[in-house]
Every structure is written in structure tokens, then in C-alpha cells.
Amino acid sequence: MAIKSTPRVRVPAQAKSGEIVEIKTLISHEMESGQRKDASGKSVPRDIINTFQASFNGKPFFTAEWFPSISANPFQSFFYKAKESGAFTFSWKDDQGGEQTATAKLTVA
Amino acid sequence: MTFHHDATRVPSRRRALQMAGVAALAAVLAPRLSRATEAQVADEMKALFGGKTMGEGKIKLDLPEIAENGLVVPINIDVESPMSETDFVRSVHVFADGNPLPQVVTYHFTPESGKASASTRMRLAQTQNVIAVAEMSSGALYSAKAQVKVTIGGCGG
Amino acid sequence: MISRRDFLAAGTALASLLAAGGAGFAQAVDTGKLTEAELLRFGTPGTFTILHLTDIHAQLMPLYFREPSVNLGVGAARGLPPHLTDGAFLDYFKLRPGTRDAYAMTAQDFTALARAYGRMGGADRMARLVKAIRAERGADKVLVLDGGDGLQGSWSALQTKGEDMVKVFSALGLDAMVGHWEFTYGADRMMALKETAPFAFLAQNVRSIEWQEPVFDAARMFEKGGARVAVIGQAFPRTPISNPRWMIPDWEFGIREEDMQKQVDAARADGADAVVVLSHNGFDVDRKMASRVSGIDVILTGHTHDAMPAVVEVGKTLLVATGSHGKFISRLDLDAKDGKVTGYRFQLIPVFSDAITPDPEMEKLVAQVRAPYAAALAREVGRTDSLLYRRGNFNGTFDDMICDALLKERDAEIALSPGFRWGGTLLPGDPITFEAIANATAITYPACYRNTMTGRQLKDVLEDVADNIFHPDPYFQGGGDMVRVGGVGYAIDVSKGVGQRISGLTFLKTGKPVEADKSYTVAGWASVAQNVEGPPIWDVVERYVADTRTVTVTPNSAVKVTGA
Chain U
2 MAIKSTPRVR VPAQAKSGEI VEIKTLISHE MESGQRKDAS GKSVPRDIIN
52 TFQASFNGKP FFTAEWFPSI SANPFQSFFY KAKESGAFTF SWKDDQGGEQ
102 TATAKLTVA
Chain E
67 MTFHHDATRV PSRRRALQMA GVAALAAVLA PRLSRATEAQ VADEMKALFG
117 GKTMGEGKIK LDLPEIAENG LVVPINIDVE SPMSETDFVR SVHVFADGNP
167 LPQVVTYHFT PESGKASAST RMRLAQTQNV IAVAEMSSGA LYSAKAQVKV
217 TIGGCGG
Chain F
102 MISRRDFLAA GTALASLLAA GGAGFAQAVD TGKLTEAELL RFGTPGTFTI
152 LHLTDIHAQL MPLYFREPSV NLGVGAARGL PPHLTDGAFL DYFKLRPGTR
202 DAYAMTAQDF TALARAYGRM GGADRMARLV KAIRAERGAD KVLVLDGGDG
252 LQGSWSALQT KGEDMVKVFS ALGLDAMVGH WEFTYGADRM MALKETAPFA
302 FLAQNVRSIE WQEPVFDAAR MFEKGGARVA VIGQAFPRTP ISNPRWMIPD
352 WEFGIREEDM QKQVDAARAD GADAVVVLSH NGFDVDRKMA SRVSGIDVIL
402 TGHTHDAMPA VVEVGKTLLV ATGSHGKFIS RLDLDAKDGK VTGYRFQLIP
452 VFSDAITPDP EMEKLVAQVR APYAAALARE VGRTDSLLYR RGNFNGTFDD
502 MICDALLKER DAEIALSPGF RWGGTLLPGD PITFEAIANA TAITYPACYR
552 NTMTGRQLKD VLEDVADNIF HPDPYFQGGG DMVRVGGVGY AIDVSKGVGQ
602 RISGLTFLKT GKPVEADKSY TVAGWASVAQ NVEGPPIWDV VERYVADTRT
652 VTVTPNSAVK VTGA
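Residue numbers (this note's numbering), protein chains in the order written: chain U, 2 to 110; chain E, 67 to 223; chain F, 102 to 665.
Since the hints were derived computationally from the structure, they do not count as laboratory data. Every residue, glycine too, gets a C-beta built ideally from N, C-alpha and C. Only true hints are included.
Derived EDC-like pairs (lysine to aspartate or glutamate); straight-line CA-CA distance at most 20 angstroms: (1) Lys126(E) x Asp366(F); (2) Lys112(E) x Glu66(U); (3) Lys363(F) x Asp128(E); (4) Lys363(F) x Glu23(U); (5) Lys25(U) x Glu178(E); (6) Lys82(U) x Glu178(E); (7) Lys84(U) x Glu178(E); (8) Lys126(E) x Glu146(E); (9) Lys211(E) x Glu358(F); (10) Lys25(U) x Asp360(F); (11) Lys84(U) x Glu151(E); (12) Lys181(E) x Glu20(U); (13) Lys17(U) x Glu178(E); (14) Lys610(F) x Glu510(F).
To give an idea of the interface, some chain F residues facing chain U are shown, with a C-beta separation under 10 angstroms as derived from the structure: (15) Ile310; (16) Glu311; (17) Trp312; (18) Gln313; (19) Glu314.
With the rest of the complex left out, here is chain U (with noise of 0.2 angstroms):
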């Protein structure tokens, strides 16, 4: 099963060997905490996406275990160091399996 929302990045496309570049990351997702009761009085169950990872060139280099407590339509921004061309990897896996990803390319000059 697929996370619906589609991810949005901000990556540079191009950076000097040896810069180190910003990346932000945006996914929409109510990430139900669990904690929650609806109208009904009856517990929401927990629905959250749990794990962030970023790869470059197949290589994962950064990952963020998230919790409940991390707000809906998560944020996270995070730094690379560039050394060689090569394309860059997203992974988000929620609790019930589901994953979504993205991709974006980055030239070193």
C-alpha cells in the first residue's frame, strides 16, 4: 500500500564539490498520534508515518525516526555534503507498510 500524498523536495540541482547543501522536505499526512478520541468518544488509532530516510546514489546518509508528536504533514530539512554527481533517493514508510518516494538529481561541478 502506497501513501497517497505525493512528497515535495527542495534540493539544489547543482553544488560545488565539497558544499554542503540544504534539503527540505515537505509530505502531507495527518499522522494520527493515537492519543486522539473522535466525536463518538472512541480512540483514533495511531497512523503515522514513522520513518524518513535519504539516500544519494543508492546510499542512505540521513534518517529520522518520527513519533506521534511530530506535527501533521511533516517537515524535515536536513544537510549533505556533495562530492560527486548522482541522484538523490526519499523514503517515507508509514505504520501500515505503506511508502512513498522521491527523487532529485545533483550536478557537482
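Assemble chains E and F onto chain U, guided by the hints.
Chains E and F alone, transformed into the frame defined by chain U:
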């Protein structure tokens, strides 16, 4: 604690405060909501770090003094480190001691990260401490703490 | 009838009036006619001149504005200026009671001195002073900066959504401004005003929530008198808490001290000879920021409406406090070169409207922007027997009148009125015009709600607001004065912590304690919640004043303060 995504179910205290015309109580201030106890937070940290001594410094924890919206509180963590192959920040754990589930996020960095810095947004149920613990490649631990006030504002000046 | 200016010349008449008015002390009144030349007298000019105005709250006409007689400082600010009032303020700054300066900067003998020295401010008077200084120095040596809360606070500003004030500021030759109440016109309107204005709108501390990116230019570099002057803007950091967040839903504020340091460093790297922060933080927040951010030469403070005749030095940083409502213009001359400020001269110039010839062009513009509303503004609704003023940490007679109006017109047991610091003062015997009512109520979220609240909720409200004023760390303060109450009294110990300050909540009608679980009917206005229903506050107050005809406000003794 209840995270109110549903605007029609605003907790009564929040509504009262908003009505008072004094400010937006953005977060979730239902009375007597459950919160983690200090002991719970201590237990979790002990489970993770085995009661190892933690140093101070190294971590810059950037949080608003007063949350504008308790559902969306920005947090930035920046840990001082050369981020070399032999000396880097392995992970950073963030806790909020006034939320029912104190763990907020755990980051895993690598030397390729370039710097051990990350920003996200979290929910804070009430005024509380946010604690960050950084684990270095050497195994050394550092911690930092900051209080965030989750409340209403003044009267607009 | 004797004109005000002739009257000022008649020093002996003034002295006898003060005696007759019961001022009751032998004081050194200022005698002789005050001239523009005296107001403009200044020491050695600097490399360049900064003219600072702030918190004028869209007041285009001269008015009375009584400074607070209660303005408590807590924590490190306890007993320090600007938290000095009346005699203590005069002693600290070595001013004599009864003088023009005492009238302009304190509440002491306000009514008698107001009658003697007249109204202050007025855009045409300010324009006259600004033009005179520009002529003296040359336009290339003068920087005119507004510290925010300029576009809001009057009926014409509300009706034109700030446009009248953008015209006035443009005519004044403003170089840059920052914001707070400006944001209550909504994000789209704010951006539209910014686009049309010929001056810069600066804010280093506003970010888009979505991507955490700057919404406004943080700073601008000006070349003045051969020096490079960096002006960094700081919007009111608590805007989304103190005012409706739903009007600016995509923006995030905050103090952002580290970002301020980055801006200062960037300005230095860009060759700034002087770094000036145009701030709407409030004085205590600026004092703390000055002690923690290095490299700021000057902070032009705002928001808290403090007027001080001297700068406050924090390390190498100068803090200027220019008051509010157009009562003052600050002139600060800096000697700056080679990346350093080596000297300064400062003058807080009181804008005594009777001593200054109106600038004809600005006079014409003011008349023009007010013309569509002239009839409404002039409408006399009633009169007051009492001095009606707003400032003070706990209550003011103008808000007492508003609370009385809420209780009566909305048939409520308890009234709440926000602790706004703006709005003019009326002297005993003055007419209450619609303009006077609008000057204290003209906001974009004016609905008067009527609701029930338990005693516990009421206490929560008072406690949370109190913490936003009396938290010992200014970075945790929210600004504004205490919410005004009608129908209830309470005791407050300002030295206590959050949730511990308020006690003895009493329902005044019965004299019995307010019960935690009992529900009370509460009327109030300026709720920051969305979709609040009820008549606008100016209608409620107008109805009350019209019915009452002559308003008398008895001194409010329902709030007992300790721990100061």
C-alpha cells in the same frame, strides 16, 4: 492528550482564552490531560542510554520561547562536530517531557551528512521542556534542554 | 478667547492656573513661548542623522496621550527605565515637575498640564520637523525610520486598510518601517501595501511556515553622509499569539536571536559603518537582545510605547525609546566611519502641536485622507466628566468605560477588554466624539462576543495574560498590558510564577468570591478566534455613551497589586 485536528472540537479552556480576546491558544490545552512523568522520561532515556553520563555543550537547540501554535512548533538541532569518517555525530534523540509520549524524533547522521543539523515541526501539548541527546561516534553523549511556553499571548500592545 | 499659543506665552497665568487647579506643589512651570527653534536645537551634527518615529497608531491629528502611572518591571528590568513613572521617572532623568518635559513623559498632574501645554503630535507637525531637519542636514544625511504600529489605530486607517497612512508616510519621506498591527489587515493586504509603498518594509523574523523561508527583506543598506548604514527590521515577534493568527496563517514569527546575529554579521561583512535594528520587540526584549547579539550599534525600540529623554546603553549598543502616538520624534546623530560608530548625540523631540507650524502640504494631505470620514469623526456622542486614558498595567479609565459599556449593552455579569496600549486621552469636560471612540477601538476583529465562562476559566485567562506581562524573562513575555476586567476584582502578586499570581477573584455585584465551577455571562471584544459573532465594539461604546450622555468613571480600586 488529544491532538485536535478537528477545529469544531476546540477544548473549552482554549475557547475561553480565545474568547477573552487575549490570544490564540493554539495548542491542545484540555484540562487535566495526561502527560509523561519525569520518571517515565528518565526511564526511557535510561533504556536508550543506559544511564551513561552526559556532557553539556555541543548541541544548539533552537526553539521558540513561546509556541505560536502548539500543533506546529518548529525545532532545529545543530550539533558541533567535524563530521569526519572518524569523528561524527551518530544520532540525536529528542524528547518532550510534557507530552503523553515523550519521544519526538530520532535522527541518524553519517559523515556524508556534512553537518549534524536538522529541522522539523512537533506538537507540544503544554508548556514543557524539550530535551535533545546527541550520541557521538566515540560513544560520548551530550544533552541540551530548552523550555517552550505553550500559552496565550498578551493583549496585542 | 485666548489662543493656546498666546496662553503658553503667559507664564504667570499658567502658574496661577496650576495652583487653582489644585496641583498643590510649588513647581517650576515652563514659561515663555516655546519655539520651533528650541525644539530643533541640537548639538554637533553627526556623519548622518536618524529620525525615529514609532507606534503612532495612525494618529494624524494632535491629541492628548497620558503616559502610564503604573508600568512595572520584573526580573532584571525591575526598577529600571522605562519602568519608572511619575516622580521616580522625573528624578531618574533629572526633570522638574510641572515642566513641558514632565507633561510629555509622565502622568503627573496630567489634566492641569494638558490644559496648559496642549495637544501633542499631528502628522503636519511631524512633517514640519522632519523637513526642517532635512533642510538643515541635507536629505542625503537623514534617515527616517518608523518602528511599526503606524498603519493602524484610527478610523480612516481602518476604512482604507492602512492606505491613508502609507500616503502620509510616503509624503513624510520614510525610508523604512517594520510591523505589528499592520499584519492585522491580513497577509494579502500587508503584501499589497508593501508593494505600493515607496519605503522598505523590513522583517528578519518572519518565515513561511511551509518551507521556513523569509517572507520579507531582512535588511537594507543605506548610504547616508558617506557612511554605509545597515537597517535590520524586526517585526513584533508575538504577532500570531497576540493577534489573530488566522489572518496570517502561513507565517511564523519569533524573536530569532541567532538569525538576528547572522543579519548583523552579514551587514558588517557588507561593509556597514553602522548597524541599526529597527525593532518592534518591546523595550525589555530589546534590552536582552542587545546583551546577547553582538555588533548592533543602535536599537530603535518600539511596541511598548516608552518615551525616554536619553538613550539606554547596553554594552556598546544604544537603545532609543521614542514613545507613541506621534508625541515624539527621536533624533540620533551618529559619528560613523571605517566600520565603527565613535560618537553620538541624541534628542527626544516632543511634538508640541501649539509650538509648531503645520506643514501645509501634509496638512492638506491629512485633510484629504480624512475628508470621506469627516462627518463621522466629528460626531459628538456624549461628554466625559472624568479623565479618560488607557495606559497602565492593570486598568485605565477609558477601558473602565468600555467595560461598563460591555456590561450594560451586552447584559453581562463580567466584561473583558484587551490591554491595548493605544488610543488617545480625553480631559474632563471634553466631548466624546466618534473619533475618540474609534481611536481606542479601530481594529479588524471588533466583534463583541457574549458567552459563558466558569470562574476557573476566568482565572486561567487572567493567569495566562499575567504571565505574558510578568514572566521574569522578557523573551517569554507576550507584550501588552493586563486584560481589563469589569464586574470583578482580583489581587495580583506580580512576583509569583505562572498560575500563582492571581487570588481573591471577587464578583463585585455581590461582593462574594468568584466560584470556580459556576458559570458567568462574559462580554468582551477583540477575540483572536475566527468567526466570532457580535456587534462591533465601536457601536457598543457609542450606544452606551449616547445613552449615558455624560460619562463619569469612578477610580477603579478592584485590582490589588503586590510583589512589585
